[in-house]
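Asker: In order, the protein sequence lines correspond to chains A and B. Just so you know, we're using full-length UniProt numbering here: the first sequence kicks off at 1 and counts up by one. Just so you know, we're using full-length UniProt numbering here: the second sequence kicks off at 1 and counts up by one.
Because the hints were derived from the structure by calculation, they are not lab data. Misleading hints may appear alongside valid ones.
Calculated Cβ distances over 10 angstroms to all of chain B for the following chain A residues [what the hints assert, rightly or not]:
| id | residue |
| --- | --- |
| 1 | Trp9 |
| 2 | Tyr32 |
| 3 | Tyr112 |
| 4 | Phe127 |
| 5 | Leu131 |
| 6 | Ser158 |
| 7 | Leu189 |
| 8 | Glu193 |
| 9 | Val205 |
| 10 | Thr214 |
| 11 | Asp238 |
| 12 | Val276 |
Subject to a maximum C-alpha distance of 25 angstroms in a straight line, what follows is the list of computed SDA-like cross-link-like pairs (lysine to any residue) [claimed, not checked]:
| id | chain 1 | residue 1 | chain 2 | residue 2 |
| --- | --- | --- | --- | --- |
| 13 | B | Lys151 | A | Thr196 |
| 14 | B | Lys151 | B | Glu66 |
| 15 | A | Lys109 | B | Gly92 |
| 16 | B | Lys151 | B | Gly79 |
| 17 | B | Lys151 | A | Asp194 |
| 18 | B | Lys151 | A | Leu96 |
| 19 | A | Lys109 | B | Gly79 |
| 20 | A | Lys109 | B | Asp114 |
| 21 | B | Lys151 | A | Pro300 |
| 22 | A | Lys109 | A | Ala99 |
| 23 | B | Lys151 | A | Ala99 |
| 24 | B | Lys151 | B | Arg100 |
| 25 | A | Lys109 | A | Leu96 |
| 26 | B | Lys151 | A | Gln199 |
| 27 | B | Lys151 | B | Gly92 |
| 28 | B | Lys151 | B | Arg54 |
| 29 | A | Lys109 | B | His74 |
| 30 | A | Lys109 | B | Ala73 |
| 31 | A | Lys109 | B | Pro71 |
| 32 | A | Lys109 | B | Thr87 |
| 33 | A | Lys109 | A | Pro300 |
| 34 | A | Lys109 | B | Glu113 |
| 35 | A | Lys109 | B | Glu66 |
| 36 | A | Lys109 | B | Arg88 |
| 37 | B | Lys151 | A | Lys109 |
A quick note: this is a predicted structure, and the numbers were derived from the prediction, not measured. Here a beta-carbon is modelled for each residue, glycine too, at the ideal position from N, C-alpha and C.
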Amino acid sequence: MRREAIMRWLLPVIILVIALAAVPFANDYILYVLTIAVLMSTLAVSYDVLLGLTGYLSLAHGFLYGVGAYTAAYLTTNSGWNFWLAMLAAALMSALIGAIVALVAFRTKGIYFAVLTLGIGLVGFQFFLVLEPLTGGVGGFVGIPGIPSLPGLADDPSRNNLVVAIVLLAVTYFAALVFLRSSIGAACLAVREDVTLAQSLGIRVGTARLAAFTFSSAFAGAAGAVFAAISNFVGPDDFSVMATGFQVVVFVVIGGMGTLWGPILGAFLVVCLPEVLRGAATYSVAIYGILLLFFILFAPKGIAGAVLALRRLLPARPASVTQTARHSEAR
Amino acid sequence: MSLLSIRGITQRFGGVTALTDVSLDVEEGTIHGLIGPNGAGKTTLINIVSGLVRPTEGTLSFNGRENGPWPMAHAVTLGIVRTYQQTRVFMGLTARENLRIAHVAGAGDANAEDLIDALDLGSSLDRVAGELPYATLRRLSLALALGLRPKLLLLDEPAVGLAPDEIARMAEVIRHFHGQGLTVFLVEHNMRFLMELASRVSVFDRGRLLFEGTPEAAQGNPEVIEAYLGRGLKKHAGN
Numbered sequence: 001m002r003r004e005a006i007m008r009w010l011l012p013v014i015i016l017v018i019a020l021a022a023v024p025f026a027n028d029y030i031l032y033v034l035t036i037a038v039l040m041s042t043l044a045v046s047y048d049v050l051l052g053l054t055g056y057l058s059l060a061h062g063f064l065y066g067v068g069a070y071t072a073a074y075l076t077t078n079s080g081w082n083f084w085l086a087m088l089a090a091a092l093m094s095a096l097i098g099a100i101v102a103l104v105a106f107r108t109k110g111i112y113f114a115v116l117t118l119g120i121g122l123v124g125f126q127f128f129l130v131l132e133p134l135t136g137g138v139g140g141f142v143g144i145p146g147i148p149s150l151p152g153l154a155d156d157p158s159r160n161n162l163v164v165a166i167v168l169l170a171v172t173y174f175a176a177l178v179f180l181r182s183s184i185g186a187a188c189l190a191v192r193e194d195v196t197l198a199q200s201l202g203i204r205v206g207t208a209r210l211a212a213f214t215f216s217s218a219f220a221g222a223a224g225a226v227f228a229a230i231s232n233f234v235g236p237d238d239f240s241v242m243a244t245g246f247q248v249v250v251f252v253v254i255g256g257m258g259t260l261w262g263p264i265l266g267a268f269l270v271v272c273l274p275e276v277l278r279g280a281a282t283y284s285v286a287i288y289g290i291l292l293l294f295f296i297l298f299a300p301k302g303i304a305g306a307v308l309a310l311r312r313l314l315p316a317r318p319a320s321v322t323q324t325a326r327h328s329e330a331r
Numbered sequence: 001m002s003l004l005s006i007r008g009i010t011q012r013f014g015g016v017t018a019l020t021d022v023s024l025d026v027e028e029g030t031i032h033g034l035i036g037p038n039g040a041g042k043t044t045l046i047n048i049v050s051g052l053v054r055p056t057e058g059t060l061s062f063n064g065r066e067n068g069p070w071p072m073a074h075a076v077t078l079g080i081v082r083t084y085q086q087t088r089v090f091m092g093l094t095a096r097e098n099l100r101i102a103h104v105a106g107a108g109d110a111n112a113e114d115l116i117d118a119l120d121l122g123s124s125l126d127r128v129a130g131e132l133p134y135a136t137l138r139r140l141s142l143a144l145a146l147g148l149r150p151k152l153l154l155l156d157e158p159a160v161g162l163a164p165d166e167i168a169r170m171a172e173v174i175r176h177f178h179g180q181g182l183t184v185f186l187v188e189h190n191m192r193f194l195m196e197l198a199s200r201v202s203v204f205d206r207g208r209l210l211f212e213g214t215p216e217a218a219q220g221n222p223e224v225i226e227a228y229l230g231r232g233l234k235k236h237a238g239n
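Isolated chain B, as found in the complex (with noise of 0.2 angstroms):
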């Protein structure tokens, strides 16, 4: 059964148009990628289903509900959580505070101590999240969503700007909850890290949803591979 199901959603910003009659299915317990170049629309999509932007046109059903989208609040008592492409804690206050605020506004039952232990962050609570390494930052911002115990995570990004050995980290901490019956919803530039995860990818261009499938299947796509992928490879076999 799907979790969450995307209905020919189009968002216009004046003359430009962002996402076209896009419809899709997120699965539930699976973790669904979107990939796609700058500017397909991934992360309009994202700030759609998690109530930061109204769409054009087009509507949303999640965990059994219509009438989609819903106002972020209100998305996220439903359980549709998000991060932020750019690292977005409360850069004055400390670790321990961040994560007090997660547990306060989520329904409170999150368990505080698996978080902590999950992304490492026991080392760092007291101190103020403007004074942690980047990494750590990341991983605080991932600390916060999952404090709220969602049961869609959308992720823009979450490894950009990441060490390869601080992505693996990452990896392990989606698998991690994903393995406690999240579904993620990821949207990553990064595309090994994605294939790795992912078990369905949804590929974007210009706003339209080109593909969908398994990530083998979007590799071996023609089409998938001359919107997207076959760019970047036809240049460098031209080099």
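Just chain A, same shape as in the assembly (with noise of 0.2 angstroms):
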């Protein structure tokens, strides 16, 4: 428990402030493809809400992503509205969608659940190309505004775009933690447990359930209105059960689900590593699944699991301690 709390609290912070200093050196380069790892980390740390804390795999998480970016581009560009108000518009329209879906998908479990969310991401991905009023179709929504300068930002929109997303995800990170440490997040690890269980405790599992689906999607919905202001552009491949649906999946397993923290790490790695092995940009694809398969066979608990297996290497502590910490990232 201890040794849980230490990581989730301060590996967050050191990102962060590694993130921040590294703002004044970096190039535009670095700082997009450090703006897409971090937004990717904010959907990541939302996934995990849903996927570490209550167990049920959705692989709809992209299509609300999706919500939340067109509607972002569509208030903004088309209605003129204000960057911030849009990204609070859009992570409510993501919830509310999202709640819709839960109410649908968790009338199932386990595989059927996952297909029935592969089936909704599919349909949502056939949305955003039909819906051409809304979404500009096939071809797109383009020229949505960029996010509003931050004070000392004004002329460097590349470094804004990176403040605004590590803002977003430490508001993310932070409200997940009190969501895990709420009443419904003890709820939600007792429906992954075992949901009889939480049944005869008088758990409202439905409630439980629905509260972290709609959590989850409305930060996936904020991170999506981040996205389309930093890309000006966004097409349906965006936001495809291949692309984004099944990407959050990887970053989570990878990551260690359930530690909230891990996922970071998840996202971070899969999006920088492509980068920083340029010279194989045609063996990126393989290089994914390759890791994929390496962190299934040989650190299931992904990232995050091996971080703490390390450091139980290191001079022994409390044999309660570290068995609790061993569990919980398991799950």
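Two chains, two frames, some hints: make the complex.
Answerer: What follows is the structure in structure tokens.
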């Protein structure tokens, strides 16, 4: 518990400090890659609240991310909304759609839940294609205004984007921690571990799952809004099941499910590695697959599990503490 | 006044009738035992009262409320809480997290310290439940139920698989909380354990209520001896 708590708080703070420290030195390309990595981390943390906490594997997360992106794009471009307000609206819209998806999807469980959300992800993708007046159809949504400048970053949109992405990640992360510690968070853990026992303890299983799904959707929507403003363009392909929907699963599984900080590392690894290995760009998809294979075979608890295992090799600590950490990593 | 009234409960599973027209009352502040051979319908009755299974026919009233049984989540808020015959806790979480869940699920006013002391869980709090010894797990699963502050606790064979000293400890724990005003409905195979604790017993045989009364009267009742206790005795006599 204690060690887990330390990692939970310390590691993200370190990442934030390093990222912010790097801001003054990096060039635009590095800034862009970092911004995307931070944005994907936000998506991964939001997704971990669902997959890690409740154990339900949804493949509709990319679609909900897209709902946020299109909502913000439409409001800022066509309705002239202020970006911040549009981001809030995007989060609410994704939360609303997410809640509807959850009400349908939670009628099932296990593999059926995964397949049903896969269907929702595929149908959602089609909606982005056919709702041309709202989404721009297959051609995508163009000319989305950028993120308004923060004080002191007026002449530097790349740095501005990164700082906004980092702030959103921080807000998402701490909101997720609060969620985990709340009574609903405890209820979600109970649901993940043993639904029947949770029910016999009077836990409102439906409410807990719905809350986790809605929470997770809202922050995906906010991340979508930032993505739309950073890219100035969104197209359906950005939100397909095989792109984002599947990618978030990879982030969370590689990072370590249910830890909240692990998925940040997972997202950074998956986003940055292909960039670092640019010479091998042709093979980046293969590297991606190999990475996934490696983790599933040799480090099923993800990076977070590996980090904690390494720390355990260092001088002995009270057994109870290590066991707790190891087990909570396992989930 | 009876806390729980069971009225005309019948339960059929397809062609099998597990319970036939069962009616009984559990008085407030008692430890009420439920005995009977395997397949007599004891666990089925617990499943019905706790809201896990809906009966084919019959009703419950509890603490002045009519029209039961209620779905499980609702039954818990009314104060009906159960344990399971198989040890059932959140295996992947620590004992502390288990208790936190029970605390959150209950009214939130459960005295956690008292629970931890009474059930002797202090040294196991930061260990993952899946790694705890069996006897500790039994006590943790009881703590989960007690953490909800029930009025009526349905215990499904709490002593099963325990060593004699652990059984004595379990009896002590049940008495401790009974002393604080808890009503207990206790299904148990261990006759000595049950007879020591219970002030009333109901005897079941093949889904029917055969007898209801004090433990002493049950032990002296010819029908009960014939249907349940007697079989074992005859077999022993035959040896």
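Asker: Going through the earlier hints one by one, which of them does the structure break, listed in rising order?
Answerer: Hints 7, 8, 9, 18, 19, 20, 21, 23, 27, 34, 35 and 37 are the ones this structure does not satisfy, whereas the remaining hints hold.
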